[in-house]
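A.B. asks: Once you have looked at the hints, place chains X, S, P, Y and V on chain C.
These protein sequences, in sequence, are chains C, X, S, P, Y and V. Going by my numbering, the final residue of the first sequence carries number 252, and the count climbs one at a time with no gaps. Going by my numbering, the final residue of the second sequence carries number 252, and the count climbs one at a time with no gaps. Going by my numbering, the final residue of the third sequence carries number 252, and the count climbs one at a time with no gaps. Going by my numbering, the final residue of the fourth sequence carries number 252, and the count climbs one at a time with no gaps. Going by my numbering, the final residue of the fifth sequence carries number 252, and the count climbs one at a time with no gaps. Going by my numbering, the final residue of the sixth sequence carries number 252, and the count climbs one at a time with no gaps.
FYI, nobody ran anything at the bench for these hints, they're computed from the structure. Here a beta-carbon is modelled for each residue, glycine too, at the ideal position from N, C-alpha and C. Accuracy of the hints is not assured; some may be wrong.
Said to hold, decoys possible - Calculated cross-link-like contacts (lysine-lysine; reagent style BS3-like; alpha-carbon spacing at most 30 angstroms):
#1 S:K46 to C:K223
#2 P:K56 to Y:K52
#3 P:K233 to X:K212
#4 V:K52 to Y:K52
#5 S:K46 to X:K52
Claimed, not checked - Which bits of chain V does chain P cover? Going by a derived footprint, with three or more residues having C-beta under 8 angstroms, they are:
#6 19 to 31
#7 39 to 45
#8 60 to 66
#9 117 to 128
Protein chains: 6
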Amino acid sequence: MRSNGRNDDGLRPLKITTQTNKYAEGSVLIEMGDTKVICTATVEEKVPPFLKGQGKGWVTAEYSMLPRATQSRNQREAARGKLSGRTMEIQRLIGRALRSVVNLQALGERSITLDCDVIQADGGTRTASITGSFVALAFAVNKIALQHRLSVFPITDYLAAISVGIVGDRPLLDLNYEEDSKAKVDMNVVMTGSGEFVELQGTGEERPFSRKELDHLLGLGEKGILELIAAQKEALGPIALKIPAGQPGKEV
Amino acid sequence: MRSNGRNDDGLRPLKITTQTNKYAEGSVLIEMGDTKVICTATVEEKVPPFLKGQGKGWVTAEYSMLPRATQSRNQREAARGKLSGRTMEIQRLIGRALRSVVNLQALGERSITLDCDVIQADGGTRTASITGSFVALAFAVNKIALQHRLSVFPITDYLAAISVGIVGDRPLLDLNYEEDSKAKVDMNVVMTGSGEFVELQGTGEERPFSRKELDHLLGLGEKGILELIAAQKEALGPIALKIPAGQPGKEV
Amino acid sequence: MRSNGRNDDGLRPLKITTQTNKYAEGSVLIEMGDTKVICTATVEEKVPPFLKGQGKGWVTAEYSMLPRATQSRNQREAARGKLSGRTMEIQRLIGRALRSVVNLQALGERSITLDCDVIQADGGTRTASITGSFVALAFAVNKIALQHRLSVFPITDYLAAISVGIVGDRPLLDLNYEEDSKAKVDMNVVMTGSGEFVELQGTGEERPFSRKELDHLLGLGEKGILELIAAQKEALGPIALKIPAGQPGKEV
Amino acid sequence: MRSNGRNDDGLRPLKITTQTNKYAEGSVLIEMGDTKVICTATVEEKVPPFLKGQGKGWVTAEYSMLPRATQSRNQREAARGKLSGRTMEIQRLIGRALRSVVNLQALGERSITLDCDVIQADGGTRTASITGSFVALAFAVNKIALQHRLSVFPITDYLAAISVGIVGDRPLLDLNYEEDSKAKVDMNVVMTGSGEFVELQGTGEERPFSRKELDHLLGLGEKGILELIAAQKEALGPIALKIPAGQPGKEV
Amino acid sequence: MRSNGRNDDGLRPLKITTQTNKYAEGSVLIEMGDTKVICTATVEEKVPPFLKGQGKGWVTAEYSMLPRATQSRNQREAARGKLSGRTMEIQRLIGRALRSVVNLQALGERSITLDCDVIQADGGTRTASITGSFVALAFAVNKIALQHRLSVFPITDYLAAISVGIVGDRPLLDLNYEEDSKAKVDMNVVMTGSGEFVELQGTGEERPFSRKELDHLLGLGEKGILELIAAQKEALGPIALKIPAGQPGKEV
Amino acid sequence: MRSNGRNDDGLRPLKITTQTNKYAEGSVLIEMGDTKVICTATVEEKVPPFLKGQGKGWVTAEYSMLPRATQSRNQREAARGKLSGRTMEIQRLIGRALRSVVNLQALGERSITLDCDVIQADGGTRTASITGSFVALAFAVNKIALQHRLSVFPITDYLAAISVGIVGDRPLLDLNYEEDSKAKVDMNVVMTGSGEFVELQGTGEERPFSRKELDHLLGLGEKGILELIAAQKEALGPIALKIPAGQPGKEV
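With the rest of the complex left out, here is chain C (with noise of 0.2 angstroms):
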């Protein structure tokens, strides 16, 4: 059995809480299980120089964990002067995900930064990170939209993502801390409204995976997929309605 007597293919207990900082344009903090991020969108009227002047805007993402975040107590990132390997691993995917489904035309020459901070860490702090991060940038993008007048809303699907895995030969969906330690494969998906995938990273931990095997896992991360989307549409609230239902197949 799964802790919390959870089945193969059922998500943690779940908890969008919103509007948790009253500085930022959004925030967010999710808890899936024991793991638990703040995640914090801010607006800044200016883009990376890359983009200037092309009236196009940005969206970023930085992801870090508090020292006591997991079981032992890590050096920060800040003090050891450097970024490990797998903190820009895991930004430059939240970032990559939630551009996916920006119109960063439609959002104009603006930068959205999207931190997300781990404060508890029980497996799936990435996947997390993606879910809450969404639900924060929806709600700065609204204040943006009430501001500025914006004609199209910016945002052009729903996006969450999730892990699945292999542990022992079972494929399991959201692996926790523990389980993930044992798996022999691992595997994030992120994935729109529309049911497409944005990204898809698979790893033999242990040994190689089939294609069969890989299909039961698509189909489990599916699953949960559209269960993280119903919950982020529910902390929305009315500006869920502003989302466009996106269309498979059809590019955004």
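C.D. replies: Frame of chain C; chains X, S, P, Y and V shown alone:
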């Protein structure tokens, strides 16, 4: 009038939530008005190189603000690749203050790191970090005491800190950010339960200050710290009884 | 038409030159079209601290591009004082992929570092690095096997990698730089000789992709990898025979 | 008895040599006993980015010790690649203290950097740096005033600093290294010519200190600073007359 | 006997392959025995800040060794986060030497960067870098001359470099690694086509050296450089004719 | 005419003050005209890792300029976070030169660090550092010899250094900053008491130089170094007698 309808010698609403992290040996969320700091205590069975083999322990602290803890977003120190002077100054202060009420000999050859992560900042983050860290530290020390049956409880007195300052011509207790940014004189006071000073840092930001003004500010600080220590005792519950009532003028 | 008159499922001209460095335990110059990467394998009789005393070995990789490997000159990472996120991501991928076909126990307490230095870049440098590194690794492992009379040959299967992607609406194999920069979907596939996945990284750069498109891309990747592994066998000569024919679904 | 046969309220032999550097706009070698600090003032016709276009000037400080300024050699911070927390704390203190007696508006849009390089250290290097830097600063400001015919002399009062502390039970003025390393309480006092505090930093290194002890220490500090300011006036010669006699309680 | 059956005044087998990189404005692979260096020249239409607006150009160099260019693997400088003193010294030397035969005024406000990447090292990498870079530079300058119709060809003379040294008591030309590591005296000579010195760096590694020994070494160096310049001319083909035959004693 | 009414082959006024630091094992303030360098020698009873257990000692050097040692202020290398190429090159030169006259075997397993801190710079700081460091080194070695009763005095010869150069068409000895910045050719000469070369670094800054010019410059250097060594002997007093009169052409 001050925000919250406070008097000049009033603290902001104070809330200390304990055991907020499932891994840390001690953890606290301290809220003073809109200032919110997570303090976690990590116990490790090793000491820094300069203390090895002396049978003594060590207590140290690290301090950081989430990028959007403030009105506008700050670049992460990990991204910049180094700690700012302000951060170093603050974490040295927190560690030094906490060590002043710990009997390092009684602690044995182990170290405790207090991580102070500011989730939201509205003035007084360094003093809130000290006040909150003391509680997290006491939980962690208690855990050690229970496991290792120490003959002496290694904490020798209570410890709390508060800011005071002169705004316009009015000496005020517990400045929020708006008051702090207008303050002509700014002072941080760290005191023990026995009413003695552990640290005193006063700066004439806009003008120097007289001996008489100093006396007034110290009076305010003393009043505030008594209230903070009362709140610490409540948060600590039975652990509170293990901490000796320090006596003025006695070496600890 | 694609450059070189290739079909959509065709590889670029491939050339693997072995033993290009007189000091390294294994060395390869791999050329895929205009992409050229030097891969050298260094054997050291020591392991990283986290593996000490476990009787197991380690395989890791580093990746770098010469400043003028690309159309315009890039600043050296040594001059900037830190590795980019892209570099870290790539070298983590290469190391992880290679370790998946090495029996670290059989290798014994020694480590092998694969240095992948891109002399000229025209798309697909990370997959060429994996494919070339596998050959350099096999030479180095063979050298160890000869010197230390290992009872088991520590490489458990072949390994190669290729990029696939969707340009316009056409799924293509082995994208060059020009194709890659226009690709709407981009995927790197790492597979073993037994036809199973070791790593799968797909990104919807310009739009999300459907399950059907994914299937198409995986088919292309599989075809390309079979051809790459044939070329590896030829380059390895008699060493090729020492590597077991991996069997799908079996743990290695 | 203290070294040099000093009384508890006595300063060490003090020597201020001016114009020791042929390039700097102001320069001083200050010796307090065996503590020797070179202070140079550099004037530049530019201000930091955050002050641009405001018509105001800036005063800042940097502090460093030669590697063999102390009993055993310290690694250079340039070799370690970063400033220590101690160095940052000290140079922030020196700059803040000096700015408190400079009318930045009257200085005009230019900046003055005080470099404090400790040639030999025997306790009290940060306070000697402040006292010496004030003299170097006054020479530099005078040079500006002569060249640019400023309508107001931008220095508004004298400024000096001294350490006091409690060794055993005796409150002492101007601790040397040996006394400092045994001190139970340690305090740095920065005062103006009008007898008001600019900065007060007291630390209970070995035990907390009472209000009564604080009062005693402040008295010692005040006595020492009066003597230091007298020496500064002598070193400044005619420039001394240009500095207003600050009045207690008045904003400058 | 020396390796390759060389005489004391003989160069190792020399090979200069040109246009080895499809992107760079000039590129060369120089091989001197087992020492192999890739030299690429990059032209950029901008100059460093200190030269802006002066109508002059700039020539600079960077030097690096692949990790396994030597018998044992060296850590990458990018991984260590900083350049070694040796690297800095070498790249300063290469840039300075090349600039001595370039008329920066005639080059116009553009800069040329020579990247010297050592693929395999067997002694004499810095002198091979200079000799090879000169050829890459000439190709790049020729390209500029053709595009911009410069009135004067900006290269003013040929330039090559070679190492000489005393091994045992024998002065030798062009030391390989084994000879270099036993050398008592080690010298690098950089000369122009007109037979004058541009740079001379001699070090008594194991013992000082006399004036007479110096004279002997300079003679060997001169002989070697004449041969190197002959090879450069051949590699340059028609470009060789555009470079003036420098005249001894004349300022260029 | 040159400044100070010097002849072309004249040194600037030279002053060597010894024992300027109360902690260091050897210390010197060397002044050559307006160039002033503090050289301190630190003895430590340990050697760098690469020498451990070989019974040999080590001599090394570090070099730094105070920010305002020059006409305009330079940023501190500690603030920039890394040493410049120029600094590394100079400190490598100083260490290498000093080691050439030290019998590291006779020194025993200990190391001596020479810190050269330039207080004021007016040309020739690296050669002044070598000349001054030799005296500080001799004091430190003498101290070791007295304490440890070494059988052989570990210094094998005198050592001094001077700059020479060609300004206009005139070869000059000991260039000051103004001369140095106009020099067409610039050379640093390091020689032993026995009149042999330890290091020779000549650069054609503005034009190449002929063999005849080289000979002229070497003659000037030799003359200057004889005078410097005479001054070193005077500064060393009785220690001077312990240093063997090196013999030309003999290995030390």
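A.B. asks: For every hint, state whether the structure bears it out.
C.D. replies: Evaluated hints:
Distance hint between S:K46 and C:K223 is unfulfilled; the C-alpha atoms sit about 46 angstroms from each other, more than 30 angstroms. Between P:K56 and Y:K52 the CA atoms are separated by roughly 29 angstroms; this keeps the pair inside 30 angstroms, and the hint holds. Distance restraint check for P:K233 and X:K212: the Cα-Cα separation of roughly 27 angstroms lies within the 30 angstroms cut-off, and the hinted pair is therefore satisfied. A C-alpha spacing of about 50 angstroms is found between V:K52 and Y:K52, which places the hinted pair above 30 angstroms, so the restraint is violated.
For the proposed pair S:K46 and X:K52, the alpha carbon gap of about 28 angstroms is at most 30 angstroms, so the pair holds. Using a Cβ-Cβ cut-off of 8 angstroms, 5 residues of the region 19 to 31 of chain V lie near chain P, which meets the minimum of three, so the contact claim holds. Note: the region 39 to 45 of chain V has 3 residues with beta-carbon separation from chain P under 8 angstroms; the three-residue rule is met and the coverage holds. With 3 residues bearing a CB less than 8 angstroms from a CB of chain P, the region 60 to 66 of chain V meets the requirement of three and the coverage assertion stands.
Given as covered by chain P, the region 117 to 128 of chain V passes the check, having 3 residues with a CB less than 8 angstroms from a CB of that chain where 3 are the minimum.
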